[in-house]
Amino acid sequence: MIGEWLDIGPVGQIAPGTARTMPVVGGEEIAVFHTLDGEFHALVNKCPHKHGPLSEGIVHGSVVTCPLHSWNISLKTGEAQGDDKGCVPVIPMRVESGRLYLKRDVLLAAAKVGA
Amino acid sequence: MVDGNNLRTAFNTSRGNGAAWTSPEGDALRRLFCVRDGLGEQGTVNAHSSNEPADGLPTGRERLVVIGNGMAGCRAVEEILARDPARFNVTIFGSEPRVNYNRIMLSPVLAGEKSFDDIVINDAAWYADNGIELISGDPVVDIDRADRRVVSRSGKVVAYDRLLIATGSDPFIIPVPGHDLAGVVTFRDLDDVDKMLAAADRGGSAVVIGGGLLGLEAAHGLALRGMQVTVIHLMPTLMERQLDEAAGWLLRDELERRGQTIITGGDTAEIVGKQGHVAGVRLKDGRELPADIVVMAVGIRPSTTLARGAGLEVGRGVLVDDHMVTSDPAIMAVGECVEHRGQCYGLVAPLWDMARSLADAAVGRPGEGYQGSVTSTKLKVSGIDLFSAGDFSGGEGCEDIVLRDAARGIYKRVVVRDNCVIGAVLYGDTADGSWYFDLLKKAEDISPIRDTLILGQAFAMGGGNTDPCAAVAALSDDAEICGCNGVSKGQVVSCIDSGAHSLDAVRSQCKASASCGSCTSLVENLLRLRLGADMESGPKTMCKCTSFTHADVRRLIVERKLKVIPQVMQELGWKTPDGCASCRPALNYYLLCAWPGEYEDDQKSRFVNERLHANIQKDGTYSVVPRMWGGVTTPDELRAIADAADKFGARMVKVTGGQRIDLFGIRKEDLPAIWGDLNAAGMVSGHAYGKSLRTVKTCVGSEWCRFGTQDSTGLGITIEKMTWGSWMPHKFKIAVSGCPRNCAEATIKDFGVICVDSGYELHVGGNGGIHVRATELLCKVETEHEALAVCAAFIQLYREEAWYLERTAPWIERVGLDYVKQALFGTPDAIGALAARFHHSQLYSQKDPWAERAAGKFAELHQPLAQFRPLVTEKA
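Protein chains in written order, with my numbering: chain D, 11 to 125; chain Y, 14 to 889.
By construction, these hints were calculated from the structure, which means they are not laboratory data. Certain hints may be false.
Unchecked claim - The calculated label-pair distances, taken between Cβ atoms and stated as ranges, are: (1) A25/D / G610/Y: 41 to 47 Å; (2) T589/Y / K60/D: 23 to 29 Å; (3) K60/D / A879/Y: 23 to 29 Å; (4) K60/D / G610/Y: 38 to 44 Å; (5) K574/Y / A25/D: 23 to 29 Å; (6) A25/D / D659/Y: 32 to 38 Å; (7) F720/Y / K60/D: 45 to 51 Å; (8) Q859/Y / A25/D: 25 to 31 Å; (9) V885/Y / H79/D: 36 to 42 Å; (10) H79/D / T886/Y: 54 to 60 Å; (11) A25/D / A846/Y: 25 to 31 Å; (12) A483/Y / H79/D: 29 to 35 Å; (13) K60/D / G662/Y: 33 to 39 Å; (14) K297/Y / A25/D: 19 to 25 Å.
Unchecked claim - Partial pick of chain D residues on the chain Y-facing surface, computed with a CB cut under 7 Å: (15) P33; (16) L46; (17) E66; (18) M103; (19) V116.
Unchecked claim - Straight line, CA to CA, 25 Å or less: simulated DSS-like cross-link-like pairs of lysine-lysine: (20) K617/Y / K870/Y; (21) K86/D / K588/Y; (22) K454/Y / K524/Y; (23) K122/D / K95/D; (24) K113/D / K56/D; (25) K574/Y / K56/D; (26) K576/Y / K524/Y; (27) K86/D / K557/Y; (28) K834/Y / K744/Y; (29) K834/Y / K870/Y; (30) K631/Y / K574/Y; (31) K660/Y / K631/Y; (32) K86/D / K617/Y; (33) K631/Y / K56/D; (34) K553/Y / K574/Y; (35) K734/Y / K860/Y; (36) K95/D / K557/Y; (37) K576/Y / K631/Y; (38) K631/Y / K60/D; (39) K86/D / K60/D; (40) K631/Y / K122/D.
Beta carbons are placed, not taken as given, at the ideal position from N, Cα and C, and that holds for glycine.
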């Protein structure tokens with residue numbers, strides 16, 4: 011029986027204000043963010059602009075600034091902020107008993123597994 | 014600090030020339046500022062009656078004499094002048110030998126955050142421009158009401174038509190044994206501050222008696238100046254008149270965390286002396302505390318001796334009516350010395366209203382008169398936000414609305430009675446203080462917004478609308494914007510409407526936000542509201558998160574000893590919770606530069622290249638550049654680079670413009686390993702990715718070249734060994750050319766050396782980027798040793814003063830080469846001092862980051878989380 015939520019490990023593996031990546035075999039890499047406010051967010055690790063690795067950007071508020079051309083991407087919606095237009099898929103997350111979970115079906119679709 | 018001494022000198026130059034008083038020049042001087050504290054001059058300005066105007070003064074005016082050169086007296090004069098500048102000839106007596114200053118800003122002066130110059134309200138020019146005679150350092154000792162004249166301590170007699178008493182208040186001294194020992198001071202004027210500063214210079218222990226507003230500000234200042242501070246407070250909680258118990262505890266906790274000792278319920282029995290000087294304080298419970306200085310800050314009382322002696326009606330203060338007139342119709346009184354409708358005030362805010370009512374009446378246009386004030390309090394201790402207003406003692410019919418956020422250290426309590434706010438205590442977040450205070454003063458019915466009242470104005474008024482412009486738009490015209498200078502929203506708006514279109518203009522024209530600056534964002538929002546796009550930005554702010562400029566932020570980090578990014582954001586009122594991708598790296602650099610060895614680099618505030626010590630490329634891989642000192646390499650190093658390129662699959666190997674080799678296409682996960690291999694061959698990070706020293710490019714120089722005049726390669730290597738690893742505002746490139754043919758292209762570098770027969774020409778501020786700029790010649794030196802010293806000093810000046818992401822070229826264009834020369838060569842010690850600071854900082858930065866990472870530091874930066882392998886069935 012496959013669970014609805016995928017356990018990706020303890021919260022402590024991502025320091026506040028940083029991100030870690032999660033490779034997906036046969037699909038797009040996911041970036042998992044931990045904001046300074048203590049929120050967790052997961053996005054496909056590709057800026058909608060030129061596919062920069064968002065996981066390497068500076069995290070501020072619930073926004074990450076892409077390291078390639080400084081687009082600001084909302085961690086909550088995946089939308090580019092300001093005058094820039096574009097969106098990256100967001101995967102719903104859950105934190106329970108100190109562990110992080112990703113919504114499995116959205117993850118599979120977002121990472122384009124098997125596509 | 015520019016203190017009273019300098020001002021005294023200024024005054025001395027314009028007085029004492031008795032013979033000149035009768036000349037026109039003398040009259041001008043006399044109107045400028047007459048500090049006539051010598052008895053010998055008494056005869057020159059003797060009693061003149063109202064029928065005989067003083068020499069040189071405009072005739073036909075009433076004579077207004079003001080006793081007290083403090084905030085109240087001068088504010089009243091300002092208000093009168095604003096209404097009718099030609100009505101009075103004004104003479105102001107002050108007991109302090111200086112111009113009028115903002116007394117409530119003495120705390121920042123003590124804490125080292127302001128200088129005396131910063132807190133002057135009216136400088137000497139103001140007295141001169143308005144024809145006001147200032148007699149300072151010579152207090153009035155007698156009022157002769159029958160003859161309408163006053164007598165000063167030096168025996169000077171001046172006649173009046175109208176007299177204004179603005180003597181303020183006196184600090185209360187508890188009459189315990191030892192209260193008159195040397196080293197027992199109060200906290201009332203600049204002389205007190207000077208005494209405390211002198212004591213702090215000697216170090217040791219300070220005891221502050223009194224845990225009220227003034228006592229805590231004194232304690233804070235003394236603690237910042239390095240003294241061991243103990244606060245003794247008689248009551249069980251600090252600032253019990255302004256704070257409830259909960260906020261009092263939060264405050265105590267914070268002060269103790271900062272190293273102060275707080276004794277509540279402490280009753281002083283005796284101040285213990287030793288050879289006539291204070292040595293300690295003994296409490297009634299027997300405890301004894303050592304003390305090199307004792308600050309008595311237990312309270313103030315209206316200074317009424319003069320008024321009482323003149324037979325005026327006096328209660329606790331000088332009794333006045335709503336127009337601030339005393340029992341003698343020719344005599345007015347204003348400020349802390351008065352009692353109005355049974356109230357005495359010890360805070361600054363009531364002054365503004367009193368002065369307005371007084372001025373209306375004094376120029377013959379009495380208005381509604383002074384109606385009394387509801388006061389609010391802010392504690393001026395940096396880093397502690399605390400606001401209180403009104404009544405929060407609770408009681409019949411009172412309801413409390415409380416919000417606590419322990420994580421952020423916030424406590425808010427609003428007391429409501431009959432649907433009106435009657436009191437508010439805010440700790441940790443005081444942004445809505447002026448709004449609650451406004452609701453309180455207006456007795457507005459808050460029932461429609463009761464549910465969200467505690468969340469603050471933006472939320473309560475806009476249903477979650479957090480537009481700060483809407484928030485100030487909602488304030489009423491008489492809402493107070495600037496508490497330090499008593500400026501209302503209406504006054505700021507009319508100042509803006511009359512042409513002040515920038516923050517600086519508003520500050521200089523109506524003084525709003527010109528003192529402590531805590532209302533800066535309110536003023537800015539008013540500018541935005543009135544002018545929209547026409548608002549003239551002042552100096553460019555650092556980013557949208559703050560209203561401070563780069564220069565301000567750098568200065569305040571040092572002045573206020575701010576040590577970590579959240580503290581900077583907290584104390585400087587950042588508008589965002591944790592900054593943005595612009596300000597975070599800048600703050601990280603500024604702190605690193607200000608506190609070498611002490612500040613811990615914040616990796617999450619570093620741009621990816623500096624965090625991963627490699628240059629990110631468009632495909633998300635990295636390029637790796639090992640350092641080649643002076644552009645010199647060896648076959649072994651080249652072999653190791655070739656091996657590394659093979660082993661880690663470098664897709665391109667390229668020679669850089671900075672004379673080294675770049676390996677492209679390295680994966681993030683492989684970085685520590687490739688660094689380990691390069692380290693093993695003796696190479697370290699080239700910092701090709703950093704806002705830091707990049708390379709020192711050289712030509713071969715005299716060792717090989719037939720034109721070479723000096724060993725440019727050797728000097729280049731020495732410079733690179735001295736400067737590598739240093740973080741800078743932006744990237745920094747150096748080159749050394751062995752002769753004026755300049756093969757190393759030293760004249761488009763940040764620092765370039767051109768060797769000549771007689772020594773070394775040192776050039777600065779070149780740039781080969783978008784805007785090509787040739788260097789300017791900084792100086793010429795004879796020895797390598799001198800060249801190295803100037804290099805280190807120049808770099809340090811740039812490090813300390815340039816703005817983040819400002820290359821040396823725009824920096825020098827901004828400040829001017831002359832400024833740089835002055836900073837380096839203006840004093841004989843400058844080069845040595847700057848170079849010493851550079852070398853000190855290098856002690857902590859010359860650690861190869863690659864070696865640390867290869868050894869496993871920050872491994873998580875390079876490693877992904879566990880891989881996710883979808884099930885076969887999911888791959889459909």
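Verification of the hints:
Our hint of 41 to 47 Å for A25/D and G610/Y is violated, since their Cβ atoms are close to 23 Å apart. Remark: the range hint 23 to 29 Å for T589/Y to K60/D is upheld by a beta-carbon distance near 26 Å. Checked against the given bound of 23 to 29 Å, the beta carbons of K60/D and A879/Y, roughly 28 Å apart, stay inside it. Under the hint 38 to 44 Å, the C-beta atoms of K60/D and G610/Y, about 40 Å apart, fit the expected range.
Taking 23 to 29 Å as the suggested C-beta distance range, the pair K574/Y and A25/D conforms, at roughly 27 Å. A25/D and D659/Y have their C-beta atoms about 34 Å apart, which keeps the hinted 32 to 38 Å range intact. Taken as a hint, the range 45 to 51 Å holds for the pair F720/Y and K60/D, whose Cβ atoms sit roughly 47 Å apart. Distance hint check for Q859/Y and A25/D: the Cβ-Cβ separation is about 26 Å, which falls inside the suggested range of 25 to 31 Å.
At roughly 38 Å, the beta-carbon separation of V885/Y and H79/D lies within the given 36 to 42 Å, and the hint holds. The hint said 54 to 60 Å for the Cβ distance between H79/D and T886/Y, and at roughly 39 Å that hint is violated. The given range of 25 to 31 Å is broken by A25/D and A846/Y, whose C-beta atoms sit roughly 39 Å from each other. A C-beta distance of roughly 33 Å is found between A483/Y and H79/D, which places it inside the suggested range of 29 to 35 Å.
Range check, K60/D to G662/Y: about 23 Å between beta-carbon atoms, so the 33 to 39 Å window is missed. Restraint check, K297/Y to A25/D: a C-beta distance of roughly 52 Å breaks the suggested window 19 to 25 Å. With a least beta-carbon distance of about 5 Å to chain Y, the hint placing P33/D at the interface is held under the 7 Å criterion. Evaluation of the L46/D hint against chain Y yields a held restraint, the C-beta minimum of about 5 Å falling below 7 Å.
Interface restraint check: E66/D against chain Y, minimum CB-CB distance 4 Å, threshold 7 Å, status holds. For M103/D, the suggested interface contact is broken, since its CB lies about 13 Å from the closest CB of chain Y, more than 7 Å. The beta carbon of V116/D comes no nearer than 12 Å to any beta carbon in chain Y, farther than 7 Å, and the hint placing it at the interface is violated. For the proposed pair K617/Y and K870/Y, the alpha carbon gap of about 15 Å is at most 25 Å, so the pair holds.
Between K86/D and K588/Y the CA atoms are separated by roughly 20 Å; this keeps the pair inside 25 Å, and the hint holds. With a C-alpha separation of about 23 Å, the suggested pair K454/Y and K524/Y falls inside the 25 Å cut-off, and the hint holds. For the suggested pair K122/D and K95/D, the alpha carbons sit about 22 Å apart, so the restraint of at most 25 Å is met. Note on K113/D and K56/D: the hinted pairing holds, with a Cα-Cα distance of about 19 Å set against a maximum of 25 Å.
With a C-alpha separation of about 40 Å, the suggested pair K574/Y and K56/D falls outside the 25 Å cut-off, and the hint is violated. A hinted pair counts as satisfied when its Cα atoms are at most 25 Å apart, and K576/Y with K524/Y does not qualify at roughly 30 Å. For the suggested pair K86/D and K557/Y, the alpha carbons sit about 21 Å apart, so the restraint of at most 25 Å is met. Annotation: proposed proximity of K834/Y to K744/Y holds, straight-line Cα distance about 22 Å (limit 25 Å).
Between K834/Y and K870/Y, the direct Cα distance comes to roughly 42 Å. Violation of the 25 Å bound is thereby established for this hinted pair. For the suggested pair K631/Y and K574/Y, the alpha carbons sit about 40 Å apart, so the restraint of at most 25 Å is broken. For the hint linking K660/Y to K631/Y, the alpha-carbon distance of about 22 Å falls within 25 Å, and the restraint holds. Between the alpha carbons of K86/D and K617/Y the distance comes to roughly 20 Å, so the proposed pair stays at or under 25 Å and holds.
For the proposed pair K631/Y and K56/D, the alpha carbon gap of about 12 Å is at most 25 Å, so the pair holds. Between K553/Y and K574/Y the CA atoms are separated by roughly 23 Å; this keeps the pair inside 25 Å, and the hint holds. Between K734/Y and K860/Y the CA atoms are separated by roughly 12 Å; this keeps the pair inside 25 Å, and the hint holds. Of the pairs offered as hints, the one joining K95/D and K557/Y holds, with about 21 Å between alpha carbons and a cut-off of 25 Å not exceeded.
A hinted pair counts as satisfied when its Cα atoms are at most 25 Å apart, and K576/Y with K631/Y does not qualify at roughly 35 Å. Between the alpha carbons of K631/Y and K60/D the distance comes to roughly 8 Å, so the proposed pair stays at or under 25 Å and holds. Straight-line distance between C-alpha atoms of K86/D and K60/D comes to about 20 Å, which keeps the hinted pair within the 25 Å bound. Straight-line distance between C-alpha atoms of K631/Y and K122/D comes to about 22 Å, which keeps the hinted pair within the 25 Å bound.
Going through the hint list in order, the structure does not satisfy hints 1, 10, 11, 13, 14, 18, 19, 25, 26, 29, 30 and 37.
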